[in-house]
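**Student:** These are the residues of each chain, in order.
There are 2 protein chains.
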Amino acid sequence: MAYVLKNSKSPFTKIRSVPVDSVKLTDDFWSPRLADLRQATLPLQHKKLEETGHFFDFRRAAGLEAGQFKGLIFYDSDAYKWLEATSFTLASSKDDDLLRHALNFADLIKKAQDKDGYLDTYFALDKKSDRWKNLRDNHELYCAGHMIQAALAFRRATGNGELLEAAERLADHVIDTFGPGKKEGVPGHPEIEMALVELYRETGKRKYLDEASYFLNARGKGLIGGSPYYLDHAPFRELKHLTGHAVRALYLASGAADLYAETGDPPLLKALSVLWEDLQKKTYVTGGVGSRHEGETLGDDYELPNARAYAETCAAVANAMFNYRMLLITGEAKYADAMELAVYNGALSGISIDGTRYFYANPLADRGSTRRQEWYECACCPTNIVRLLAYVPSLFYGVSQEGIWVNLYGRSEASIELNGSKVVLRQETEYPWRGKVRIEAKLVSDLKFSLNLRVPEWASSAEIKWPEGKEKAKPGSYFSINRTWHDGDAVDIEIPLQVSLIVANHRVFEDTCRVTLKRGPLVYCVESEDNDFDVWDLELANKDFKIKDDFILNKKIVSILGKGILLRSKEEWTYAEEEKANALIARQGVDFKAIPYYAWANRRAGPMTVWILAPETADPSKSGQEISHAKQRIKQNI
Amino acid sequence: MAYVLKNSKSPFTKIRSVPVDSVKLTDDFWSPRLADLRQATLPLQHKKLEETGHFFDFRRAAGLEAGQFKGLIFYDSDAYKWLEATSFTLASSKDDDLLRHALNFADLIKKAQDKDGYLDTYFALDKKSDRWKNLRDNHELYCAGHMIQAALAFRRATGNGELLEAAERLADHVIDTFGPGKKEGVPGHPEIEMALVELYRETGKRKYLDEASYFLNARGKGLIGGSPYYLDHAPFRELKHLTGHAVRALYLASGAADLYAETGDPPLLKALSVLWEDLQKKTYVTGGVGSRHEGETLGDDYELPNARAYAETCAAVANAMFNYRMLLITGEAKYADAMELAVYNGALSGISIDGTRYFYANPLADRGSTRRQEWYECACCPTNIVRLLAYVPSLFYGVSQEGIWVNLYGRSEASIELNGSKVVLRQETEYPWRGKVRIEAKLVSDLKFSLNLRVPEWASSAEIKWPEGKEKAKPGSYFSINRTWHDGDAVDIEIPLQVSLIVANHRVFEDTCRVTLKRGPLVYCVESEDNDFDVWDLELANKDFKIKDDFILNKKIVSILGKGILLRSKEEWTYAEEEKANALIARQGVDFKAIPYYAWANRRAGPMTVWILAPETADPSKSGQEISHAKQRIKQNI
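Protein sequences appear in the order of chains A and B.
Residues in the first sequence are numbered consecutively from 0, following numbering that gives the first Met the number 0.
Residues in the second sequence are numbered consecutively from 0, following numbering that gives the first Met the number 0.
Chain A extracted, bound-state conformation:
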C-alpha cells in the first residue's frame, strides 16, 4: 500500500507522501471508521485468519505444527496485508493487543522463511520441489511482494527492523532467481514491482529497483503465455488498453508508476497516461472497476452493467492506489479526483459501516440478494480494504520542495515536516457533509512555502480566502498560495455542496436516460429501507432536493430527499410496441430518500440502485426550476 517516501529521492515526482501517523483525523466520517478498524475490524480479521488456517500455514512451514496446508495458494498474502494494515494502524494509535498480534506474526514469518530467503508457506515441506515452477498461476511473487510491503510498514510502525531484514533476504532470493541470464519470468499477479521499488526507496539499494524494472520489462514476451488476461501480450510501454483481470492490471500499472517515479522513463509515463485514459471508459461512476464476473475482468469500453457489476473491492482499492501514484508523479488534480471517488465510494462500499462485514463484488443495482459477508474463503478484499482504510490519513496531504499539498478535506490535525521545519495544519470542517473548510497553520516561526489546495473537479465553484486575498478557484485544479506563513494564519475554502445529477455517455447502454445523484465526493443510491416502493421503478420528478443530517446505524450521513414518479407496470410485460407501452404503466408521485452509496446494504435487504430513471419532461408547475434530462438539453442545440 505505502507509496513514495518522504526521505527517498523519487526524483520524478511532484509530490511526496506524508507518513500515515502525521495526520490525525478527528472528523465524523473517517475517524469513527478508523476507531472501528482498530477496535473491531483488525482484531476480528486476526481471529478469522487464525480460524481459516492462514497462521497455521506459517506455523506448519516453520515446523511448529503438522498437517496439510490449509486454504488457497495465495493465503500468505492475506495475512501479510493484515499485518500491513495493522502496522499503519499501530503507527497512528497505540493498541497493545494489536501490537502483540503483529509482533507474534512477524516472529512467525521469520521462522517460516527458508535459509535461502525463500518464503511461501504453500511451497514448504513436501511442495518444495514445485517452487517457481508456474509463475503465471502460483502467486509466489505476489505473496513475496506483500511480505515485503508488510515488513516495510511493520518497521515504520514499530521501529523493529528484523522483519525487514527477512524481506531483504526474500527479495535477494528473488533477485538471485530471476533476471537476464537467470530464470526468466514475470508474475501472473503483479505486486512484487511495487514492493521492490518501495524496498529500494527504504534501503537505497539499486538492485531492488533494477529487479522491479526487470519484471516490468520482461512482460509482453510470452514468458507466462502471452495472454491479454495477464497483460503479457505486449510490452507494457506499448499497451493501449488495460485488459484482463482488473486488480492485476491496476497493480501492474501502479508498479509501473512507482518505477517511473524513480527512473523518469518518458515512454513509461506516456503509456501510463494512455492507460489511465483507457481506464476511465471502464470505470463505474463509483470509482469501481472491473465489470465482468468471468475472470474478474475489465470489460470492453463502456461495458458497465449495474446489477451485474463485479467491481471487486480490491479493484477499487487498486484504482485508488494507481491514481495516488499518478497524482504524486504529476501533481495533476484529475488523479486526486479519481482517487477520492474510488476511496469514498467504490472502495468504501467494500466494508460494512460497522467494519465487520465485506463485499467482494460491489454492484450498482441490486434486488436485495447481495449482502456483505463476515469473511470470504478468498479473503483478498477484506484484507485489502483495511490496508486502504488504515492508510487514508496519509492520502490527505503531500509535500514537495516548495510546499504542502492538501488532497483531501476533513477535520484533522497534520504535523508535516517541510524542508526540516515542522508545519502543523489544523483543518476545521464538516467535509464531506459541508463544503466549508478552514485550515489554520501552527508554526514555531514564520515560514515561506506554497500551500496547494485541491479544488475538486466536481465543485461548481470554489472561493478561497487567505490573509492577503480572496479568489475564485478553478474546479479540477490545485490552487496555490505561495507566501510567508505566520503562526495562526488561516485559509478559508468554500465549496458549495449542491446535489448534482450525473449522466453517462450514451455508449453506456445501462445508464441511458438514467442519472446518478452526487453530492460532493459522494455518489448516492436509493435503497428499499428508506423508500416504501421498489426503487427500480423510480423516475426523478424534478431537481429540487433537500438534504438531511441523518444516521445509518450510529454513523453520521447526510441523506438526500427528493420527489419522484413511480412507474408501476399494470401487468407484467417485457416488450411492447411503443404506442401500446403507454397503457401498461401507471404513474404516481412519491417522495424518496437517497443515501451515500458506500452505506448501502447495512440494513434490511431489498432493491437498490445508483442510477435512477431521468426526469422525462419538465413539471409545468416548477417553471424555472424544472429539469429535463441531459439528452433533451442536448437536443435544444441541434
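Rather than coming from a laboratory, the hints here were simulated on the basis of the structure.
Please note: incorrect hints may appear among the correct ones.
Which copy is meant is left open, so a pair is good if it fits within one copy or across any two.
Simulated crosslink set (DSSO-like; lysine-lysine; CA at most 27 Å straight-line) [unchecked claim]:
no.	residue 1	residue 2
1	Lys579	Lys545
2	Lys579	Lys333
3	Lys181	Lys441
4	Lys579	Lys435
5	Lys114	Lys46
6	Lys333	Lys13
7	Lys471	Lys333
8	Lys447	Lys69
9	Lys473	Lys132
10	Lys554	Lys592
11	Lys93	Lys109
12	Lys109	Lys569
13	Lys473	Lys435
These figures come from a predicted structure and were not determined experimentally.
Fit chain B to the known structure of chain A by using the hints.
**Tutor:** Then chain B, alone, in the frame of chain A:
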C-alpha cells in the same frame, strides 16, 4: 426435435404436428436455406464430425478402431443431432450422399451399442466401470435421449427400423437401471424426458412414458445435489422460476410439456404456465434466452444485456421447442408468436446466411469482435440449429379433429391428412417480406373442417376474406373459418407489415430509451456495413421509414431505411454533470439502413446494435407524424 405425432393419442393436446415432409416450402426465405442445408450444411457437418473424432468415438467403441476417446464427454449427442437433422431433410428431399452417410452412421451406432443396450462411446472399453456414476455431469442420459430422437427421425425418413430397435434396447436399459427400487437419479442435462415420451408415442409402450414421468418427478429431491442450476432444488410442479443453465431449463420444460400432452396432469400445466410467464422476463426481443456467459445461465428478471448477451443458439432453439409444445397443448396463439419470434430471429442468427458458419452466443450489440465460426469444439449449437431448420416445414401447420391450423406463412404446398381425407393447401405469399397471403384448398371432394389461421400478435390489424365473408381478425389469436370447403376455395389474409418500434420495460436497464425496429416477425438491427458511421451512436430521428427489396450475399431480404441523428462525442467522456453533458456531444443528421437481425455478421466486421437510441423529441417539421419515445407518451398520462 420431433413432437406430438399425428398417429399418437396425445389426448391432452389441442393440435397435432404434421410430418415434416407434408409441407414443401417454395418461398424465398426458407426454401433457399433448406437447399443450403441439404447441399452444404449437413455434408460439411458430416465432415467436421469426422475430423473432430465424433465418428471415430463410435468406431472405437464398436472395436473397429483403437486409440483414446476424442473430444468432449457429450460428443455422441452432436452426431445424433446431425443424424436427426439429416433424417428430417431426407424425409423432405432425396439426397444419395446424405442417405449413404446416414445409413453408415446408423449402422455404426448399432455396432457401438453394448449387448445390454447401454450406449455411450465415452463410457466404452476402459471407462465401462464409470457408467451411471455421475448423472449430474456425465451426460449419459442426455446422449441416450438424442440417440432415441435420432432413431425415431431416421425410421420415419428411411422406413428402416433397425436403429429404432437399438433405441428401444437403450431405453429398456435405462428403465432397467433407473426408477423406484432401482438406481435413483435424474439427468444433469434433460433431454431423455422428451425422447422417452416420443418413443412412447411411436411404440405405444407405456413403460417409456412412465420412465419419463419418473425422471421428471424425481427432480427436486437432491439426487444430483439439489442446485437451482440443475433445477433440482424443488419438485418441477412447484417451480416458480426457470433458473440455471438456459438450455437445460428449457429442455426440461419441453419434456414436461410432452408429459402433460400424454398425461393431462393439471399441476403440470399450471407449473408450465407459470414458468412460461417467468421466461418472458428472461427473453430477448429476438427470442434469444440466457443472458449470462457464466454457466450459460438464465439471468435474473429483466437482466438482458445486449453486447454481453449469451443467448446461446441452442437456447433459442429450445425456446422454440418449448413454445411449439405449449402451442400444441393449448392452441393459444401467444405460444405461436413466441415460437415464430425465436425461429425467425434468435435461432436463425445462429447460422450464417450461406449455412456454413455458426454462432454459439448471439449478442444483440457488438463492436465487431463476434464472428461466426466454422465449427466449435463444443458443437452443440451447429447440430441443434440444423435440427430446427430441417424441421421448420412441420411448424407451418397443425391438425386437430376439427380442422387444420396454420401457424406460419410462406409460399408452400402442404398435403395434410385430416381424418382420413387429404387436404392440399397452397400458400401464395411473399411473407415474411409482404403481408398478403392467399391460401387455396385443393380437395378431391368437399370437406367440412375449420381452418384456423394465426393472426400474429405483432399485427396492427388483419383482414380475412373467404368465399362467404370478410372480417377483421384480432391480432394474437387464431381466426377460425368453419365451413365446408370445395376444391379451389381460397382465403385471403392481409396483414399490413409496417415498421414498428418496440420498447422494453423500464426494468431492463440496457434498453431504457432505446427502441428496436421490427417488421412482421423480423427484428432488425443496424450494422456497420450498411452505415458509414458508428451505429452505437445512432439516435432515431423520426418514424418515417422506407423499405427496400435487398440482398445479403445472394439471399433476399427487405431492409429498412430511415433518418437518424448521429451523436458524436467531441472528446472522450464517460460521466458528466447533466448540465455539462450538452457541450460534449455534436449532433448530425444521417440516413441509416437496418437489416434483419438474423442476417448480421455475414459481411465485414463492425459495430452492430438491435436497440437504437430512441428519438428524443418531435421534429416540428413532421407534425402529425412525429414520434416521441414511449416514456414521453406515458408522461402525457400523468
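**Student:** For every hint, state whether the structure bears it out.
**Tutor:** Evaluated hints:
Within a single copy, Lys579 and Lys545 get their C-alpha atoms only as close as 36 Å, which misses the 27 Å cut-off; across copies the closest is 22 Å, which meets it. When the C-alpha separation of Lys579 and Lys333 is checked against a cutoff of 27 Å, the pair qualifies only between copies, where the shortest distance is 17 Å, while the shortest distance within a copy is 46 Å. In the homo-oligomer, the alpha carbons of Lys181 and Lys441 never lie at most 27 Å apart, since the shortest distance is 55 Å inside one protomer and 86 Å across protomers. Taking the shortest alpha-carbon separations for Lys579 and Lys435, only the inter-copy value of 24 Å comes in at or below 27 Å, while the best intra-copy value is 51 Å.
In this assembly of identical chains, the alpha carbons of Lys114 and Lys46 never lie at most 27 Å apart, being 29 Å within a copy and 60 Å across copies at closest. In this assembly of identical chains, Lys333 and Lys13 lie within 27 Å of each other by CA distance solely inside one copy; the values are 14 Å within and 67 Å between copies. Proximity of Lys471 to Lys333 under the C-alpha cut-off of 27 Å is restricted to the intra-copy arrangement: shortest distance 19 Å within a copy versus 64 Å between copies. Taking the shortest Cα distances, Lys447 and Lys69 never come within 27 Å of each other, neither inside one copy (57 Å) nor across copies (78 Å).
In this homomeric assembly, Lys473 and Lys132 never come within 27 Å of each other (Cα to Cα): the closest approach is 54 Å inside a single copy and 70 Å across copies. In this homomeric assembly, Lys554 and Lys592 come within 27 Å of each other (Cα to Cα) only inside a single copy, at 17 Å, whereas the closest approach across copies is 56 Å. When the C-alpha separation of Lys93 and Lys109 is checked against a cutoff of 27 Å, the pair qualifies only within one copy, where the shortest distance is 24 Å, while the shortest distance between copies is 79 Å. Taking the shortest Cα distances, Lys109 and Lys569 never come within 27 Å of each other, neither inside one copy (67 Å) nor across copies (57 Å).
In this homomeric assembly, Lys473 and Lys435 come within 27 Å of each other (Cα to Cα) only inside a single copy, at 16 Å, whereas the closest approach across copies is 66 Å.
Consistency note: the structure conflicts with the earlier hints numbered 3, 5, 8, 9, 12.
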